[in-house]
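S.K.: With chain A's structure known, arrange chain B on it following the hints.
Protein chains in written order, with numbering that gives the first Met the number 0: chain A, 0 to 282; chain B, 0 to 282.
Everything labelled a hint here was simulated from the structure, so no lab data went into it.
Check each hint, because a few of them may be wrong.
Treat identical chains as interchangeable: a pair holds within one or across any two.
DSS-like cross-link-like pairs, simulated, lysine-lysine; straight-line CA separation at most 30 Å [said to hold, decoys possible]: (1) Lys26 <-> Lys58; (2) Lys260 <-> Lys26; (3) Lys260 <-> Lys128; (4) Lys271 <-> Lys260.
Remember, predicted model here, so these are calculated numbers, not experimental data.
Here is what each chain is made of, one letter per residue.
Number of protein chains: 2
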Amino acid sequence: MEQSQRIAIVGLGLIGGSLGMVLRRRKLAHTVVGFSRNPATLRAAKSLGAIDEGTGDLKTAVREADIVVLATPVSEIVPLALRCARFMKPGAILTDVGSSKGEIVAALDRLLPKAVAFVGAHPVAGSEKRGIGAATSAIFDASSYCIITPSARTNRRALRTVSSLWGGVVPKITQLPAKRHDALLAATSHLPHALAFALSASAPDGGLPSMPRSFLEMTRVAKSDPDLWAAILLSNRSAVAAAWREFDRSSAALRKAITRKDRKALTRLLAKAKARRDDCKEQ
Amino acid sequence: MEQSQRIAIVGLGLIGGSLGMVLRRRKLAHTVVGFSRNPATLRAAKSLGAIDEGTGDLKTAVREADIVVLATPVSEIVPLALRCARFMKPGAILTDVGSSKGEIVAALDRLLPKAVAFVGAHPVAGSEKRGIGAATSAIFDASSYCIITPSARTNRRALRTVSSLWGGVVPKITQLPAKRHDALLAATSHLPHALAFALSASAPDGGLPSMPRSFLEMTRVAKSDPDLWAAILLSNRSAVAAAWREFDRSSAALRKAITRKDRKALTRLLAKAKARRDDCKEQ
Chain A
0 MEQSQRIAIV GLGLIGGSLG MVLRRRKLAH TVVGFSRNPA TLRAAKSLGA
50 IDEGTGDLKT AVREADIVVL ATPVSEIVPL ALRCARFMKP GAILTDVGSS
100 KGEIVAALDR LLPKAVAFVG AHPVAGSEKR GIGAATSAIF DASSYCIITP
150 SARTNRRALR TVSSLWGGVV PKITQLPAKR HDALLAATSH LPHALAFALS
200 ASAPDGGLPS MPRSFLEMTR VAKSDPDLWA AILLSNRSAV AAAWREFDRS
250 SAALRKAITR KDRKALTRLL AKAKARRDDC KEQ
Chain B
0 MEQSQRIAIV GLGLIGGSLG MVLRRRKLAH TVVGFSRNPA TLRAAKSLGA
50 IDEGTGDLKT AVREADIVVL ATPVSEIVPL ALRCARFMKP GAILTDVGSS
100 KGEIVAALDR LLPKAVAFVG AHPVAGSEKR GIGAATSAIF DASSYCIITP
150 SARTNRRALR TVSSLWGGVV PKITQLPAKR HDALLAATSH LPHALAFALS
200 ASAPDGGLPS MPRSFLEMTR VAKSDPDLWA AILLSNRSAV AAAWREFDRS
250 SAALRKAITR KDRKALTRLL AKAKARRDDC KEQ
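Here chain A stands alone, though its shape is the one from the complex:
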């Protein structure tokens, strides 16, 4: 990562703001310029040390940037990328932080002008909070990592630059094709979020002094922003549907064993599920 770089962060929410804080604190960029339509967000980003400069004008934000990072909700990434591309200097690199990648990568590979090099990325980090007020370098902790999703159109320099950018921020970088990324994240993040929302919606209203810890823990992510998550679930809907069918199979097996009072089968299913979970790195 050349320290002489000017990095524009478009969208100063939890991820964009936290990224800016780390880039500035670790001196991974010469200048971090932030774009937000909201002047209060720009002020907050400035006072939190997330940006060197802030602007509500997209052209001003991106025209001198060496790297432009789109850190908006997934539904806004493609249209904003196309607008940014009109203003970016030749050779500048565009990347994003979207939680689903297939739709974004396919659309930008098709629609971006050749002069703008794009590679998708997804920092697997964050919390149920949103907005610049929740930004903190702590989200990029030892368990966080970034998935870069190169495609046939990705050029090497862009891949190297974006890998280097995130390599300075999170402890681990990995590469996956966008489709594979989407299938894995559907099963391990998007579906879990959907189940948490469904569980929260179906829970009884009152009756206990407080909800048991298992419920609170399983539904924490249902405190996440509904707009953000509607966009993620819709943008990755076919992979989410496939993961849900897989979940249906394992939950149907459990239900059957319970209904039939088949303790042996039930214990075996639970033990298998436990073994899978025990194998997960916790970090």
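M.R.: Using the frame of chain A, we list chain B on its own:
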């Protein structure tokens, strides 16, 4: 709670061991006697300060006790209660810590001799760990509480004694009919556990550097003991099935909105689920 009491804890696992530690540390009993078939468990309980005396003989454990607390897996509570009753002195009180209450309370109300006063209890506390090695007074923290499930057969003295016992251990006591207890716990603990096991079983094996935090959190309870949870799910199967149907309804609504790409409906459902979760006391 008279400090002159002798309390027998039958089953020295996570809950029994932790209860003994608190009773002794806070001097809530004159003597805590522990029963386990496993001599190593008795030794561990002694060295952890969970019991004053330990024995592998049930009669020795319970015959002088003023209160007998059954802290075994739910499937063993009824048969052990009936054995204990044969040895208990007149006027002694029997209680349990089972996570489901309907089957236990109904069976013991029917089968116990009149001389033994029984009232069911469920300390809502614990973790995914099991066994005396995991016992700690910390499980009875500020968010823990105990649900006492009196029935038509419960006598006042037993209710007072068991309420007083748990009142010294957890910050809050509440009373619920066993059936209501089971419906509430099915929806807020037993179903969440089953979903966590199902999610863990359906997750892809590898492909990511580590599982996202949402997955780890939603499946932590899938690290729980399969035998214990098979017994809980089976003993509360009709309430679990009812809670699962309720969950089906809210998850079907989400899936439909996703499949139809109905962002407005999806956002509304997620927002409703979030509002429910935001309303939960965290503590």
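S.K.: For every hint, state whether the structure bears it out.
M.R.: A quick look at each hint next to the structure:
1. Proximity of Lys26 to Lys58 under the C-alpha cut-off of 30 Å is restricted to the intra-copy arrangement: shortest distance 24 Å within a copy versus 71 Å between copies.
2. Neither within a single protomer nor between protomers do Lys260 and Lys26 lie at most 30 Å apart by alpha-carbon distance, with minima of 61 Å and 42 Å respectively.
3. When the C-alpha separation of Lys260 and Lys128 is checked against a cutoff of 30 Å, the pair qualifies only between copies, where the shortest distance is 25 Å, while the shortest distance within a copy is 41 Å.
4. Proximity of Lys271 and Lys260 under a CA criterion of 30 Å is satisfied intra-copy only: 18 Å inside one chain copy versus 35 Å between copies.
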